[in-house]
Amino acid sequence: MILAAGRGERMRPLTDTTPKPLIPVAGRSMLDRSMDRLVAHGVTRIVVNVHHLGEQIAQRLEGRAEIVHEDRLLETGGSVKNALSLLGAGPFFILNGDGLWQDGPSPMLSRMEAAWNPEQMDALLLLHPLDTTVGREAKDRGDYFVDTDNRAHHRGTADAAPYIFASVSVCDARLFHESPEGPFSLLRLWHRAQAVGRLRGLVHDGKWFHVGTPQALADAESVLA
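The working numbering puts the first residue of the sequence shown at 5, with every later residue one more than the last.
Simulated from the structure, these hints should not be mistaken for lab results. Keep in mind that a hint or two might mislead.
[Stated by the list, open to error] Dumping the calculated EDC-like pairs for lysine to aspartate or glutamate here, alpha-carbon to alpha-carbon at most 16 Å:
#1 K211 - D135
#2 K143 - D163
#3 K211 - D107
#4 K211 - E225
#5 K211 - D223
Quantities reported herein were computed from a predicted structural model and do not represent experimental measurements.
Can you make the complete structure from the sequences, with help from the hints?
See below:
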């Protein structure tokens with residue numbers, strides 16, 4: 005599932021007329037780049053939720069994805085729960101619509117699939133070292149620590165953590181059992197998985213771009229160009 009419903013407030017004025025996932029970066033939108041990677045990996049069912057300027061996304065993806073129109077923003081967790089009937093009862097990728105990365109020696113999606121172990125985890129997060137994130141902002145303090153057995157622990161009250169969540173995860177449908185109704189964040193379910201030792205992290209070995217502002221967009225373009 006690709007999460008593409010948000011307004012992208014910090015990218016205004018660009019997002020006043022174009023949904024953030026469709027903003028071109030070095031000639032190709034973040035959404036199209038993610039779609040290409042999923043198709044190349046062999047994914048045959050792609051679900052995309054839309055809200056802000058959603059018709060633009062629906063028209064771009066016509067025939068390539070199943071579109072879920074949201075009358076109100078459901079946040080990351082609520083959006084996925086709303087689409088579970090399309091995603092099935094097992095594990096699935098979840099990508100932020102504004103995610104942008106370059107693969108390392110092997111495709112990141114293949115690494116995520118190979119690392120997935122349903123016996124040990126309900127969610128697997130792609131993480132990237134904070135200090136090498138392209139577009140890092142001064143306020144960024146990282147999101148996660150990772151143990152030697154790849155268990156991920158949220159920063160919590162710590163001043164900083166070495167890894168940032170890099171916009172891609174694998175989650176199992178069972179993660180959503182007894183989850184809230186309406187809008188809620190995936191972070192709530194990841195915290196619950198962490199508490200029972202079933203949250204893991206995989207450190208990305210390529211480049212990852214935090215495209216949060218027009219300046220970060222320019223930084224990404226300078227690297228990709």
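How the hints compare with the structure:
Taking the CA atoms of K211 and D135, the gap is about 11 Å. The hint holds against a cut of 16 Å. Our distance criterion of 16 Å between C-alpha atoms is met by K143 and D163, whose separation comes to about 11 Å. Distance restraint check for K211 and D107: the Cα-Cα separation of roughly 7 Å lies within the 16 Å cut-off, and the hinted pair is therefore satisfied. Taken as a hint, the K211 and E225 pair is honoured in the structure, with Cα atoms around 13 Å apart against an allowance of 16 Å.
Restraint check for K211 and D223: satisfied, since their Cα atoms lie roughly 13 Å apart, inside the 16 Å limit.
The structure is consistent with each of the numbered hints, conforming to all of them.
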